[in-house]
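J.: Spelled out from the first residue to the last, the chains are:
There are 2 protein chains.
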Amino acid sequence: MNEDFLLMIPGPIPVHPRIFRAMSMKIMPHRGEEFNKLFMEQSERMKKIFKTKNDVFLMAGSGTAAMDAAIANIIQPGDKVLCITSGKFGERFRDIVKAYKGTVVELKYEWGSSINIEDVKKALEKDPSIKAVTMVHNETSTGVRNPVAEIGKIVRSTKALLVVDTISSLGGDNIEVDNWGIDLCASGSQKCIGLPPGMCFISVSQRAWDVIEKTDGTCYYLNLKKYKNNKYKAPYTQPVSMTYGLKEALDIIDEYGLENWIKKHEKLAKATREAAKTLGLKLFPQDETTCSNTVTSIKVPEGIDGQELVKLMRENHGIIIAGGQDHLKGKIIRIGHMGSITKKEIIVTMACLQMTLKDLGYKTELAPILNPISKI
Amino acid sequence: MNEDFLLMIPGPIPVHPRIFRAMSMKIMPHRGEEFNKLFMEQSERMKKIFKTKNDVFLMAGSGTAAMDAAIANIIQPGDKVLCITSGKFGERFRDIVKAYKGTVVELKYEWGSSINIEDVKKALEKDPSIKAVTMVHNETSTGVRNPVAEIGKIVRSTKALLVVDTISSLGGDNIEVDNWGIDLCASGSQKCIGLPPGMCFISVSQRAWDVIEKTDGTCYYLNLKKYKNNKYKAPYTQPVSMTYGLKEALDIIDEYGLENWIKKHEKLAKATREAAKTLGLKLFPQDETTCSNTVTSIKVPEGIDGQELVKLMRENHGIIIAGGQDHLKGKIIRIGHMGSITKKEIIVTMACLQMTLKDLGYKTELAPILNPISKI
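Order-wise, the sequence lines are chains W and Z. Per UniProt numbering, the first sequence starts with residue 1, numbered consecutively. Per UniProt numbering, the second sequence starts with residue 1, numbered consecutively.
Possibly wrong hints are sitting among the right ones.
Which copy is meant is left open, so a pair is good if it fits within one copy or across any two.
Derived pair list, reagent style SDA-like, types lysine to any residue, alpha-carbon separation capped at 20 Å [what the hints assert, rightly or not]:
no., residue 1, residue 2
1, LYS299, GLU34
2, LYS331, PHE5
3, LYS98, ASP216
4, LYS263, PRO147
5, LYS343, ILE369
6, LYS101, PRO77
7, LYS344, ALA99
8, LYS98, PRO77
9, LYS231, ASP55
10, LYS48, ASP254
11, LYS26, THR342
12, LYS88, ASN223
13, LYS329, GLN307
14, LYS282, ASP216
Quick caveat, the hints were computed from the structure, so don't treat them as lab data. From a predicted model like this one, the values you see are computed outputs, not experimental measurements.
Please work from the sequences and hints to get the whole structure.
T.: Right, here's the structure in full:
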């Protein structure tokens, strides 16, 4: 395999060599004291990342497994759920609710636009039987950060549970599960935490447990009660190597300090946005104040084929960025700045983006230093 | 972490350094052509291990996730399932059926005993509405191999689907999904395939698809239709590093040749059994011809505390073997011989077992070579 590429998509992300080394440690027995101590310690440490005193479980699975668990454990057929959608992953929650035969009340926004808090308030007032509200904190598909704190305040004044996907923001943006009133917070390993994909995380509030206890749902592998009641908070064989990796990843975050780790993401996001604007490009989110800390979504200029842009970035420069998903294919590009990514990678990515745009006929003046390089 | 131990439990198993190195390769974009080619190739190669032309899917999750998927996709509330149980994992299938509100018809055998084929025949004749039969090929909890081929013949003459757990035998014992008529075969990464835990496998027959298409079940992450319909047979982010590891693990198996890899397991099982019998120990399976190829289950001799035996094996010799589960705690020990384990590890394990038994008062004559070593 040719490993001479730079991965700049919004997850999975380049994994730090320290994490790979940790993951290569000898496999311990998953039911032994030593491993279970290590495992439980990491789930305790994850509470600090989630900023919560709630239970946090680590599971083997993709991030979607945690989203599924968040719904499967609280929904019986017919239960009403308000699903706020403004991108692919908001829609995923809606589809999960449907899979469990919940009744979806959809609050749908155009991809890239902001959520109107008043709409949420009205929807909840209109139908007090709504059992849960689902939303995405950081829409990976659009690069928009949604206002969880504000919506949490509204939801907390009702009986509904707040279910949030923080897969692409946890660790890379401020998330306050307890202060914001998130009852079920689903996240994943392969974004700002810095691990390969394959592990997911979920936090569960007491309010959520009260509902879970009364819900006669259908699930087994993702049954949260089994996790809670297990001595080691893990009823099935844990992903041992990923647990070693998580310890190392959390060590790295601790060395920075969580707030600095988040600030690093914030700076990289700002650098990416400012560089894009300097090139005359437009950000995809309608309101710049909603721009994500972890993925920057940029409109492809008129007359340029976005899929070609992504392809040439890879072929000519070995830089892998993401295009748009679903109806945004070819219309936007997305640059991830998560986990181990540093300013160096942003500089080279934005420089190569400019050169590639120029190659595609976009009018732009290369910096003196890039002028000769672009001809090599 | 102290890595000076030898892991001899029936999974997870010591992972070959080649696999760890492969897993340390740079993360590729999970939706890129190169990764998807690699991913699809491994699922094709897994078909050879399953000996099937059926679809085989690779999922992020523990083996239990594959067991769950095998049930969740075919069972609606009230559907009848014949669950053959003679150990912990047979019972797990029963519990999964209950979780999906299926009606369980249990054919229960004492742990360690064999399944009576005639009982299965009668149960199916008695109730033609039975939609599926669940069983475990290799009961990790008891060290018994169950007769899947024979039961398959009976089930195939009915309308029921045959659902089999091969988690602790796939790769280490002969499994013929097509010839035996297994409709849904669930397996995992961390046993005879040789990977760390965190990936699971499932094969799905056309007969199973016919039922799945008509079943109005409730699942999302584990919904097999979503896997089938996805262009890359993977609707959610794949465990990228585990996929690299799987390629390397299958390369290792190919270098041996699958039949030799299985024969290696068979030889180690025989070596373990013969050594145990030479020590005057009794095998736990009631019928020796049913002894597993991948885990050997041995009765703890009268007057000896099995939990103490396991503890001293670890403390005095750094060898980690497994005890009994549930009601067999303290009564049996289990030695795994899966994946990368060779005869060397069996020799040292059985030698240390003898020394430990002697330390606990068991009457046994150490080999001349062990006599001086045991005093050091």
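J.: Would you pick out the hints that fail for this structure and give their numbers low to high?
T.: Of the numbered hints, 1, 2, 7 and 14 do not hold.
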